[in-house]
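Listed below are the residues making up each chain.
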Amino acid sequence: MKPKLSFEWLHACSGCEIALLNYGEPLLALLNRVEIVHFPLLMDHKYTRPEREDLPLSLPEADIGLVSGGVAHQEHLTVLHEMRRQCRTLIALGTCATHGGIPAMRNQWSTADTLQTVLAAGDTEPGPMLDEPSLFLDRVYSVDEKVPVEVSLPGCPPQPELIAAIIEALLNKDTVPPANKSVCETCPTLRKGKGQTTIRRFLDNADYDRDQPVSRMRCLLEQGLLCMGPVTAGGCGGKDTPLCLRARVPCRGCYGPVRPGGNQLLDMKNALASNGIDHRSIVDRKSLLRFSGAHGLIQPAGKRR
Amino acid sequence: MSPEPKIIAFCCNWCSYAAADLAGILRLQYPGSIRIIRVMCSGMVHPEMVLHALDKGADGVMIIGCHPGECHYLTGNEMALARAEVIADTLEDLGYASERFQLTWVSSAEPERLVEAFRTMSGRLMLLRSEQQTSYAKKN
Ligand code: SF4
Ligand code: SF4
Ligand code: SF4
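First to last, the protein sequences are chains A and B.
Numbering follows our numbering, with no gaps: position 265 of the first sequence is 265.
Numbering follows our numbering, with no gaps: position 67 of the second sequence is 372.
One or more of the hints may lead you astray.
Which bits of chain B does chain A cover? Going by a derived footprint, with three or more residues having C-beta under 8 angstroms, they are [what the hints assert, rightly or not]:
#: 1; region: 373-380
#: 2; region: 383-391
#: 3; region: 398-407
Taking lysine-lysine pairs in the BS3-like style, the calculated list, with each CA pair at most 25 angstroms apart, reads [unchecked claim]:
#: 4; chain 1: A; residue 1: K303; chain 2: B; residue 2: K311
#: 5; chain 1: B; residue 1: K361; chain 2: A; residue 2: K146
#: 6; chain 1: B; residue 1: K361; chain 2: A; residue 2: K286
Calculated directly from the structure, the hints in this document are not laboratory data.
Positions of the beta carbon are idealized from the N, C-alpha and C atoms, including for glycine.
The following block holds chain B by itself, in its conformation from the complex (with noise of 0.2 angstroms):
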């Protein structure tokens, strides 16, 4: 069987990696090639961030906010929602899946929302790979 898919999770101090320690205690199962990476805010993940990760070999890439209107920071998420517009839009012009990255919203409070994102986000990596083998297969 083939590895599960490598994620980089950049969680907001305040809040998504506030939910990820939560998980932790409440000993929450999800995939354990999840790397998070801890940022103070959400907005601060530069898109070049995010093409580094998978230029490096990551096969999808996560930011993790505060819902909108709760950040810490008061605007910082809209900064990301902003900012993941421009990765979505770049990251098939550069080549890549537009599938491999995420921006998702979790508070303090919702570990189980955090864990269930996590789940979604690779088993969508699966998939994606078994796309890309048949396809592969087909043209050789």
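Just chain A, with the same shape it has in the complex (with noise of 0.2 angstroms):
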């Protein structure tokens, strides 16, 4: 019998989804030697009422359950407890089922402050609200903050090839790839010691010749541009160049701290005034938690703790 597998997103765009169908051909192998059991946003499958009265819905059981997105709804995490209960192996799938990805940058106000804003008319006119605004959860969570999970894949979206290489770890029983070190590990730009002490408008251009690979570039960094590949995990682009750095612009954070505990604001002002970079010429410097602000690191503001 071949093995199963459940897909699930809760507070997710489908990017993360879409990223595992952009695996090309390999993905056909790989879905012959799996049973996809339950995939709703490819698959029309139903959420059945289950037989027990305690439990608010059933989904079918899983060798390996795949989750994407972070959790902001009270449906969301009734949705999460069933994978939990249902799937043997719990992968979180992306930033936002991870570290909160971007919805969680919603955390920096209230609930009622969000829904007044988002549901709020252009005029002076009160917007509609929802009847009720209490199933929305105090704030966008990670998957990890609300059940334990046994692999985290970071990524917004993760690589294919990483989607892949860690469900083909658990079904030859391998052990799942080691998380990696840091973007620049595999960043090939120059780099030359001291650059810019000041931090230009992520509006600049690079320097670089265009007839020149990544290579011959220097350091984004070193040119002053806020590029956050020494906090943020590496792997988008395998053993090659970052994404970001492969279009010449700076990488954005999207992969998540690199320790899983780790935070990318602290750590990216910190390696600045480290280097004697003006870490207060950044503009805007809260938006450094853009992709990880679960776990209680983006706070509503003027909250003194």
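Since each chain comes alone in its own frame, lean on the hints to assemble the complex.
Below is the structure:
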């Protein structure tokens, strides 16, 4: 009997699932080895009423479960608990699931404020309000804040090869490939030591010769662009040049912190300060947590614990 | 009465830890809730260590190094100063009052200055606590 795979998406954008579909031809071989029992994004599978009265819904049993997206609503929580109950191995797929991702940026406001801002009309009329705002959780949580997970795979979205490698490792009962070091680790740009000591606006382009490869381009951080490579987990480019660097733009930090408990804002500012770069020249520093605001890292403004 | 605020004090081996030693020998009095952690240099205290202490329930954190120009490793305390700026800016972003952190310079011959810094910090955290209790009481 083929191992069963189950997919769910919570506070997600479908990008993580599309990344898997983007794997190309090798995907067909992978799909031949498994049976997909539940994948609401791709297959019309119904959520059934459970036989047990105390459970709000039931999902099929599976060997490997993949969950993308964070947890922001009571419904996400219900689905997530059922996934945990039914899947022997649970993978948090994508930065939303592992660190909150972009949606966790709303943690800088209270849920009531967010709903008011999102739903309010453009004029002075009070906007329509949902009947049951209480079904929203107080903030956006990562998956591992709510249930234990066996594997965390960040990335917005994760590289198709990384997703496939983990599924294959689990199928073969191999050890899951270890997490990568920072983005800088595989970045081939030229590092000369002392660079610019202030940070330029993100709107500025890097200096480079378009006829030359990335390995002839000066490190973007040394050029004074806010590249988050040093404080971001690597892996986006495989063993090759990180993806954004291929496009000659700085890393935005989409794989979350290098260490699971890391703090990209604090680590980036510390990295700049320790190298004599004026960390106060960053415009909108709070956005350095744009991908990793769960785990209570982004707090509503003015909350002075 | 509520207990004294718990303070983690990172003291460098060469100046402030020696000052703390001397304060003990001189039997100077300071709040008993201060926990000294000896580090080789104030510059080695990563901001994440400060944040970790607060996350784990410390009321305040101090980094205490040698006076500028007197660092045993020449420029370690300049690093501490740069990192202290980062901490001061970032604590508020992360939802902590910036009063919870203090950087201080103390030489090995200044136990009184060290004890004074401990007392000031402890008082400041007491004040913060009572402010927060009043604002909490008003809200509810
Ligand atoms: S991690 Fe990125 S691609 Fe995946 S669900 Fe979140 S926003 Fe979408
Ligand atoms: S800071 Fe950016 S450009 Fe520089 S080495 Fe790291 S990833 Fe590459
Ligand atoms: S370079 Fe950075 S932002 Fe770009 S894909 Fe890689 S980890 Fe994400």
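Please list, smallest to largest, the hint numbers that this structure does not respect. 1
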